[in-house]
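Please construct the entire structure, taking both the sequences and the accompanying hints into account.
There are 2 protein chains.
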Amino acid sequence: MYLSDFATEQWMNDHENDAIYNMTDTCISPLKLKDLLALDKQNLLSEITLDYGSITGDIRFKEEILKLYQTGTIENITLAQGCLQANEMVMETLLNNDDIVISFTPGYQQFVDYPKSIGCIVKEVALNEENDWLPDEIALQEAFSKPVKMVILNQPSNPTGSYFNKDRLKTLIDLCKENNTWILSDEVYAGINEDEVSVSDIYEYGISTSSLSKVFSLAGLRLGWVKANQELIHLINVRRDYSIISTGPLADTLGLIALQSKDTLLQRAKSIVKENKAVLIEFLEAHHEFSCVIPQGGTVCFLKYKGNISSKEFALKLLKEHGVFYVPGSCFDCENHLRLGLTRDIKMFKQGLEITAQVLHNAS
Amino acid sequence: MYLSDFATEQWMNDHENDAIYNMTDTCISPLKLKDLLALDKQNLLSEITLDYGSITGDIRFKEEILKLYQTGTIENITLAQGCLQANEMVMETLLNNDDIVISFTPGYQQFVDYPKSIGCIVKEVALNEENDWLPDEIALQEAFSKPVKMVILNQPSNPTGSYFNKDRLKTLIDLCKENNTWILSDEVYAGINEDEVSVSDIYEYGISTSSLSKVFSLAGLRLGWVKANQELIHLINVRRDYSIISTGPLADTLGLIALQSKDTLLQRAKSIVKENKAVLIEFLEAHHEFSCVIPQGGTVCFLKYKGNISSKEFALKLLKEHGVFYVPGSCFDCENHLRLGLTRDIKMFKQGLEITAQVLHNAS
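As they're listed, the protein sequences go chains S and B.
Numbered according to the working numbering, the first sequence terminates at residue 364, and the numbering increases by one at each position without gaps.
Numbered according to the working numbering, the second sequence terminates at residue 1364, and the numbering increases by one at each position without gaps.
Everything labelled a hint here was simulated from the structure, so no lab data went into it.
Just so it is clear, CB atoms sit at the ideal spot from N, CA and C, and this is done for glycine as well.
Keep in mind that a hint or two might mislead.
[Claimed, not checked] What follows is a set of in silico ranges between Cβ atoms, one per label pair, in the way DEER data are often shown:
#, chain 1, residue 1, chain 2, residue 2, range
1, B, Glu-1354, S, Asn-43, 34 to 44 angstroms
2, B, Thr-1264, S, Asn-43, 24 to 34 angstroms
3, B, Lys-1274, S, Asp-18, 35 to 45 angstroms
4, B, Ile-1020, S, Thr-71, 31 to 41 angstroms
[Claimed, not checked] A partial selection of chain B residues facing chain S, derived with a Cβ cut-off under 7 angstroms:
#, residue
5, Asn-1013
6, Asp-1014
7, Leu-1050
Here's what the structure looks like:
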């Protein structure tokens, strides 16, 4: 089953270790294990047996996950080892050769190339920077000219930070209802903004995926989930027997501890993003060779620059000469952009932006 | 992508919690987290940051894995979340529609139904109970009448405990060499017996998979690996970006701690299997309505019984009336058998067998 190289991930793998200023990470500055263990007030870890644990996931953890949503029961949830795997499970369970899938670009490569590897026909609808990185409505409607099996959203989007608000989501659902089109909504970047809507809360064929990796700062637990209608959760659970069996009692219990303190973790994430965003806005006011649609939500945005240097060359120059690390727009087939994470230390972020401006100036 | 229900796993999921006497588990009695932490003499856990960690796996952990083999470097290894996932990664990377795959039955359902879901043609070669659960040589040769893409072994086998010794493996490799046929050898049950050979140590297109779940008693870590030639490891690593990214620093470090004490863990496993096996042999001598090919290696065997009761009915009766839990042969399409694990408390094992004999007697 052929799959192209995953450009962003390969770039991260190849270069991340050379970063001094990590300007591009999508995860809020990660917690240490001891920070997480300090949240374990009930000493839940002490009696864990390292067997497979509950196959579809620890019930207490699923109950905590449920509190992130407006509707459903724990029967609407199953666990995965990260949101990426949750998405993969959904796609491999539902998609078949020749199914039509709608994805949005620039976006996360999994949503285009993974369905293609199954043999699906993927219609790529452009996110329009002029339209705050939302798709033009007519283009979206035209993509529904034939029955669509699945629409894949990223709410908020990596790399643009844009998302469909409730009204726009309802319009999309109206397009989907005619053929019971599934909407897979990767909501791993949700939680920063208050007005986000989980598609699984408002549409029978809406599937919300997420994980503890991004806004909860715990990528190291490799723990995500799917929330969807019970029939689909059952199908995924059957399929999980071929791929993971369970996420295991250790990860589940650590996930439970994390979500029992979700308000603390989310508050930390919101504060970091807010501070970074303020620095970015100030930077843009002082440097008109850069522009950026300030993201409504999520942890990343897509910084645009004026100049003739390619995004790859620019990113490599920044990294090699100054340790300033970005994913270039070329990884998203979108030139003159750099993916900018609002996730790390504010002082480093400020310095990194200034170096970026200086290097662009010297290259022009 | 259609996949049948995984009969054994579904049976385990549906019934395992009702077991008093677990006679069928494939994992050596699992360790508690605190037992594993007690092995952390260097306090490796104290400074872990819960980010993605090293993408293809902690180098120190890969170096410990390498010590389980005779050949290779850490470039020959990549990590997965369990052996099941390691197998899945290998198959989805190498197999395509219409490829011919050879699997052995009775065996683990993943090795037949997963390649089928990709569109492969799966030739099932019988393991012959009369031949100590090894395939008849002519039947195996005949399966190579057309070029074969992959042969899938389970060394030792679940549920039979049989495996290809070095001579037999070399004969198979000779059949494979003509077309560079891959041999995927799931070696998750290896480690109990001394004369086992890892296929990746003796054949360029040999792929060994394993995990910490079975003989290392740590299924709860969800941690496995692939050892294969570097070209394949590279292809799998590229593909992992679409499914797991990494196994994470917490699991990797716990895996490192476990394998630093591998001799202790393996000695424990060997001792438990040996004791159970002795009880089984004694039981068979006293109960001629039962027979069993005593397994050369691994943690399970396939107990045969005389009588008209179906394996499913027998297993349900044992479970519901006495809490004695088996996977019935029907889950392996093989009647009049029960999968017997040599993995648990010796006293319970003895009592469980006696109850099994009593129930069969009453049902006859």
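We went through each hint and held it up to the structure:
no. : hint                                      : in the structure
1   : B/Glu-1354 x S/Asn-43: 34 to 44 angstroms : holds (40 angstroms)
2   : B/Thr-1264 x S/Asn-43: 24 to 34 angstroms : holds (26 angstroms)
3   : B/Lys-1274 x S/Asp-18: 35 to 45 angstroms : violated (51 angstroms)
4   : B/Ile-1020 x S/Thr-71: 31 to 41 angstroms : holds (39 angstroms)
5   : Asn-1013                                  : holds (5 angstroms)
6   : Asp-1014                                  : violated (10 angstroms)
7   : Leu-1050                                  : holds (3 angstroms)
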